[in-house]
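Colleague: Protein sequence lines correspond, in order, to chains A and B. Residue numbering for the first sequence follows the working numbering, starting at 7 and increasing by one per position. Residue numbering for the second sequence follows the working numbering, starting at 7 and increasing by one per position.
These are calculated hints, taken from the structure and not from any lab test. Model, not experiment: these values are computed from the prediction. Cβ atoms here follow ideal geometry from the backbone N, Cα and C, with glycine treated the same way. Accuracy of the hints is not assured; some may be wrong.
[Stated by the list, open to error] Okay, derived cross-link-like pairs now, DSBU-like style, lysine-lysine, Cα gap no bigger than 35 Å in a straight line:
1. K187(B) <-> K237(A)
2. K286(B) <-> K279(A)
3. K286(B) <-> K206(A)
4. K237(B) <-> K189(A)
5. K116(A) <-> K187(B)
6. K286(A) <-> K189(B)
7. K140(B) <-> K203(A)
8. K206(A) <-> K47(B)
9. K94(B) <-> K203(A)
10. K140(A) <-> K187(B)
11. K290(A) <-> K15(B)
12. K189(B) <-> K209(A)
13. K189(A) <-> K209(B)
14. K286(B) <-> K94(B)
[Said to hold, decoys possible] Reference listing, derived: stretches of chain B covered by chain A, where coverage requires no fewer than 3 residues with Cβ under 8 Å from a Cβ of chain A:
15. 66-73
16. 199-206
17. 216-222
18. 251-257
Number of protein chains: 2
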Amino acid sequence: MELNSIINKIMESDSIAITFHVSPDGDSLGSSLALWAALKKLNKDVKIICNDVIPDVYNFLPGIGNISKDNKLSPGFDLVIVLDCGNKDRICSDIKFDGSCFIINIDHHKSNDNYGDINYVDSTAAAVGEIVYKLIESLNVSLDPDIASNIYTSILTDTGAFRFSNTTADTLRIASELLDKVKFDFSDIYRRIYYSKDIKRIKLYGLVIDSMRLILDGKAVIMTITRDMLKSLETELGDTSDVINIGMEIDSIDTGILIKETEEGLKISLRSKYLFDVSKVASKFGGGGHIRAAGLTLNTTIEEGEKLLTEAFIEELNAGNNKSI
Amino acid sequence: MELNSIINKIMESDSIAITFHVSPDGDSLGSSLALWAALKKLNKDVKIICNDVIPDVYNFLPGIGNISKDNKLSPGFDLVIVLDCGNKDRICSDIKFDGSCFIINIDHHKSNDNYGDINYVDSTAAAVGEIVYKLIESLNVSLDPDIASNIYTSILTDTGAFRFSNTTADTLRIASELLDKVKFDFSDIYRRIYYSKDIKRIKLYGLVIDSMRLILDGKAVIMTITRDMLKSLETELGDTSDVINIGMEIDSIDTGILIKETEEGLKISLRSKYLFDVSKVASKFGGGGHIRAAGLTLNTTIEEGEKLLTEAFIEELNAGNNKSI
């Protein structure tokens, strides 16, 4: 893929808007702020637009205060760059697709539906920050600590700190070049992102650990989040999918089963390390997912749910479906 | 520093022993096994010697079964290479320093006392694995998945998965080159090292979370490990210093205080993110350490200990010593 047409379009545009997907994360924010800072250095009139809530954890990102909720200017931009968004319905701003703005779509989601006038979709990039890094290089804008911190954040968050299998040689090379070319406190970025949990979430970990029950000769662990637990902590906590990782940290465990009691029934998350294809178990109950991560919903009591899931895994064991895949 | 003299000595030696520091860790094991595999490829008669216990978590390392506890051959080696060991008293084997073997000392500890006939000490290397990587390159030995996995492990463990501030551009460049040149499952290495906790340790986390108490307007958290907790889990668990990190994950927290009740009194660990110089507080009680990590011992009850520590931190606050450093 060539960045040239993007470079040319940027160079001929004066006013540029940057936007990204709803529920912004470290990659969409970091890559946008890095590109924003680079375009500023090229004396562009550039604005980041997002109508969604920015998670507090990213308040430390250089430039974050410049993200605008004001959409009124949108038809006036020469160019709109959409980052990290696979689908135009998921864009976090009201940019119109009526031909009034030229749209560049830069993304790494395989499922991207090429909604832009120029589409640059590299699904081998672990983070859009990698693509923006290459773009900034090609624009001949020099890196500075603000740009480096934002790109590093985008890569860190989308690779789970370089541990997910989407991490590539290119990912690590770019991180290496950032550290080589600029002095910035990457260790502090880690701390700000990963050491920033609400104390209620930590307290919930404690309650979930207390609820842990090993099954299948210690190969699997069942964990429970009840409505009473959340009530006792006076919190909803929103997304609690991270909680399952506590069980996965146990050495003997292959499979983690997290049962969350909600008003719409039991929401169940499944994870595995080596043995089970958890998507098979999920599909038995109308759920779905991947080999190593899947989910399903049950309309039963917690006790019945535990029983059904245990039986389903025993069935898999008996069918010999517990081999490494 | 030049690797040439090391290369020459290796090339002229037939039988080579590799050894490292007592209480071996991911870096000493990974770097030794990588060098061992490389020297095998050069048809050297090479042996890794270690009289200490190898932690089970490293059983997955390629070649680990070849580490020998047999020291009898030691005077017979043309060359002994000691890796990752700053001091000859800490070597995990009985290699004699009587001139009967030629000794190469390869290390990254600043405090290394240069006990070798050749000493290669690079304190900018995050892991000895980095130096061994360069050595293997200079020996013109081609990388393979076994060598790559071992070097990656050495780097991963000594940098806390690239998050400690000892990580450099060179560290990330080497990791990038490993991924680029060889196909190996780096994500699985992460899982095997960091998702391998005894369930009793996870249960202890739960008890410690339950014990958490915020002080100093939520700036600090006190956590406790009592003898009763360990008794209820029927475990000693040895080193429990990792437990303090649970408190550090809380967003509002600057300082973590972990009080462990032992037969020799209260062992107290202190950590901070930005505000306090915890070594100052530790030194008030005859302890010591660094700005961000320190420790001390108290011969009081837990309640008295909590009170003394809280007062000491309030004193620091009142003295205005709670600025970022």
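Colleague: Are the hints correct? Go through all of them and say.
Modeller: Checked hints:
1. Taking the CA atoms of K187(B) and K237(A), the gap is near 52 Å; set against the 35 Å cutoff, the hint is violated.
2. Among the hinted pairs, K286(B) with K279(A) is inconsistent with the structure: their alpha-carbon atoms are about 44 Å apart, more than 35 Å.
3. At most 35 Å may separate the alpha-carbon atoms for a hinted pair to count; K286(B) and K206(A) meet this at roughly 30 Å.
4. Between K237(B) and K189(A) the CA atoms are separated by roughly 48 Å; this puts the pair beyond 35 Å, and the hint is violated.
5. Annotation: proposed proximity of K116(A) to K187(B) holds, straight-line Cα distance about 25 Å (limit 35 Å).
6. A threshold of 35 Å between alpha carbons decides the hint, and for K286(A) with K189(B) the separation of about 28 Å falls inside it, so the pair holds.
7. For the hint pairing K140(B) with K203(A), the CA-to-CA distance comes to about 39 Å; that exceeds 35 Å, so the pair is violated.
8. For the hint pairing K206(A) with K47(B), the CA-to-CA distance comes to about 54 Å; that exceeds 35 Å, so the pair is violated.
9. Between K94(B) and K203(A) the CA atoms are separated by roughly 43 Å; this puts the pair beyond 35 Å, and the hint is violated.
10. For a cut-off of 35 Å, the pair hint linking K140(A) to K187(B) stands: about 22 Å separates their Cα positions.
11. Distance hint between K290(A) and K15(B) is unfulfilled; the C-alpha atoms sit about 63 Å from each other, more than 35 Å.
12. Restraint check: the Cα-Cα separation between K189(B) and K209(A) comes to about 40 Å, which exceeds 35 Å; the hinted pair is violated.
13. At most 35 Å may separate the alpha-carbon atoms for a hinted pair to count; K189(A) and K209(B) exceed this at roughly 40 Å.
14. Restraint check for K286(B) and K94(B): satisfied, since their Cα atoms lie roughly 32 Å apart, inside the 35 Å limit.
15. Restraint check on the stretch 66-73 of chain B versus chain A: 0 residues with Cβ-Cβ distances below 8 Å, three needed, restraint violated.
16. By the rule of at least three residues with a Cβ nearer than 8 Å to a Cβ of chain A, the coverage given for the stretch 199-206 of chain B holds, with 6 such residues.
17. Remark: the stretch 216-222 of chain B is confirmed as covered by chain A, as 3 of its residues place a Cβ nearer than 8 Å to a Cβ of that chain, reaching the required three.
18. Under a criterion of three residues with beta carbons nearer than 8 Å to beta carbons of chain A, the stated coverage of the stretch 251-257 of chain B is upheld, 6 such residues being counted.
In this structure, the earlier hints numbered 1, 2, 4, 7, 8, 9, 11, 12, 13, 15 are contradicted, and the remaining ones agree with it.
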